[in-house]
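Colleague: In order, the protein sequences belong to chains X and Y.
If you use the numbering used here, the first sequence corresponds to residues 4 to 209, in order.
If you use the numbering used here, the second sequence corresponds to residues 4 to 209, in order.
Source of the hints: derived by calculation from the structure; they are not laboratory data.
Be aware that a few hints might be false.
Which copy is meant is left open, because identical chains are indistinguishable; a pair holds if it fits in one copy or across any two.
For lysine-lysine, the following PhoX-like pairs were computed, each having C-alpha atoms within a straight-line distance of at most 25 Å [unchecked claim]:
#1 190 with 98
#2 111 with 87
#3 200 with 133
#4 115 with 190
#5 113 with 87
#6 190 with 113
#7 113 with 133
#8 111 with 190
#9 206 with 133
#10 111 with 202
#11 133 with 202
#12 206 with 44
Number of protein chains: 2
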Amino acid sequence: MSNRGLLTVISGFSGCGKGTVVGKMVDSYDYSLSISATTRKPRSGDVDGVHYFFISKEEFEDRIGNNGFLEWAEYVGNYYGTPKDYVDRMLSEGKNVILEIEMQGGLKVKEKCPEAVLVFMVPPSADELKSRLVNRGTEDINTINRRLCRASEEIDFIDDYDYIVVNENADICAQDIHRIICNEHKKVANNSEFINKIKQDFKNIK
Amino acid sequence: MSNRGLLTVISGFSGCGKGTVVGKMVDSYDYSLSISATTRKPRSGDVDGVHYFFISKEEFEDRIGNNGFLEWAEYVGNYYGTPKDYVDRMLSEGKNVILEIEMQGGLKVKEKCPEAVLVFMVPPSADELKSRLVNRGTEDINTINRRLCRASEEIDFIDDYDYIVVNENADICAQDIHRIICNEHKKVANNSEFINKIKQDFKNIK
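Here chain X stands alone, though its shape is the one from the complex (with noise of 0.2 Å):
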């Protein structure tokens, strides 16, 4: 079958556990991360090319024109992107890439590579995703609520992602996005050089 790679865009509210998974899917099922491109300064510990691709305004501005970004946006005064020519280059290397990004994002993400898989990973419950927050210890109630806030706001893009999976256990929910991928391999789009040769050994048989 095919041997390119998959993008697989995983979205989820704030809270509901999506590092974690992220992380048990490159550890167990050998997954690459998309590393994005920044115009911010580097902070001590970062390193060019694995936690950031750390580049000037004007290259980030040219890669901007140049359609060089799956997609970008400015945060703070500073670019954040994914570039196109990276994630690319692995995906012909045959490595299944991930991308943990907002939902605008991965909406952008799908108009410029429509094979891209939309993930979008819920909570057990909205009372559950409260609890995580709170039990997490690290923000104030008026940023918890305001959390909640937003993600009832973004839910209502959910309609335009292709899956939905429910985190009630980190290890079960980065398989079931691992099945996923696995069958969207077995996808008949993803699989046009494999039914060429189908038809062509066909052809030749007669």
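Assemble chain Y onto chain X, guided by the hints.
Modeller: For chain Y alone, kept in the frame of chain X given last:
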């Protein structure tokens, strides 16, 4: 998640092992078979409602007029069709239903039932298919060549199918299709009820 079953259409060349794989899906994963309606007379051993629904020509034509079939065709003077109400009832009872059918029929089903999952099964190679047909020993070489010729024409429809699976081993192939269906149940489009509930939960928690 959703409790409604999914309709799986399985097509593939004569001799590629569809029957064996479908049997394993019924036995190992609890899939239900769709039952065709036909106007042909019952033969010895045929049980109405098990092998076929035997109905009169008049009733069949009435049902065609009432949009009562997911697909139908005439073959050697008799009608054969997939009854819409029967399949609908099984799906709403939460059963995953399998319809083993040729490709033109499969595409008609997709028109009436867009959420149906169309799976095309191929043998490991055209040579392998030829030797399976020869080894079966039930047909002379001319019939086999006609079948291969038909296969080479039919394969052009593959681009309208959803998934392609290679049948090298019937147990693995049945498991592959079962996993495809499990994942289809996670499609956003197949979970509108569940998603509306989440949306409501999040509106309420604010």
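Colleague: Checking residue 190 and residue 113: alpha-carbon separation at most 25 Å within a copy, between copies, both or neither?
Modeller: So residue 190 and residue 113 pass the 25 Å test inside a copy (17 Å) and across (16 Å) alike.
Colleague: Given a CA cutoff of 25 Å, do residue 190 and residue 98 count as a within-copy pair, a between-copy pair, both, or neither?
Modeller: both (17 Å within a copy, 23 Å between copies)
Colleague: Given a CA cutoff of 25 Å, do residue 111 and residue 87 count as a within-copy pair, a between-copy pair, both, or neither?
Modeller: within (12 Å within a copy, 39 Å between copies)
Colleague: 25 Å Cα cut-off: does residue 113 pair with residue 133 within a copy, between copies, both or neither?
Modeller: Result: close neither inside a copy nor across copies, 30 Å intra and 41 Å inter.
Colleague: Indicate which option fits the pair residue 206, residue 44 if close means a Cα-Cα distance not exceeding 25 Å: within, between, both or neither.
Modeller: neither (58 Å within a copy, 38 Å between copies)
Colleague: One pair to classify: residue 115 and residue 190, alpha carbons no more than 25 Å apart. Within, between, both, or neither?
Modeller: Classified as both; 19 Å inside a copy, 21 Å across copies.
Colleague: Can you tell me if residue 111 and residue 190 fall within 25 Å by alpha carbon in one copy, between copies, both or neither?
Modeller: both (22 Å within a copy, 19 Å between copies)
Colleague: Using 25 Å as the alpha-carbon threshold, which applies to residue 113 and residue 87: within, between, both, or neither?
Modeller: Within. Shortest intra-copy distance 12 Å satisfies the 25 Å Cα cut-off; inter-copy 35 Å does not.
Colleague: At most 25 Å between C-alpha atoms: does residue 206 with residue 133 qualify within a copy, between copies, both, or neither?
Modeller: between (60 Å within a copy, 13 Å between copies)
Colleague: For the identical chains here, do residue 111 and residue 202 meet the 25 Å Cα criterion within one copy, between copies, both, or neither?
Modeller: between (35 Å within a copy, 22 Å between copies)
Colleague: Checking an output row: residue 133 and residue 202, CA cutoff 25 Å. Within, between, both or neither?
Modeller: between (54 Å within a copy, 15 Å between copies)
Colleague: If the cutoff is 25 Å on CA atoms, where do residue 200 and residue 133 land: within, between, both or neither? Let me know, please.
Modeller: between (52 Å within a copy, 16 Å between copies)
In summary, the numbered hints that this structure violates are 7 and 12.
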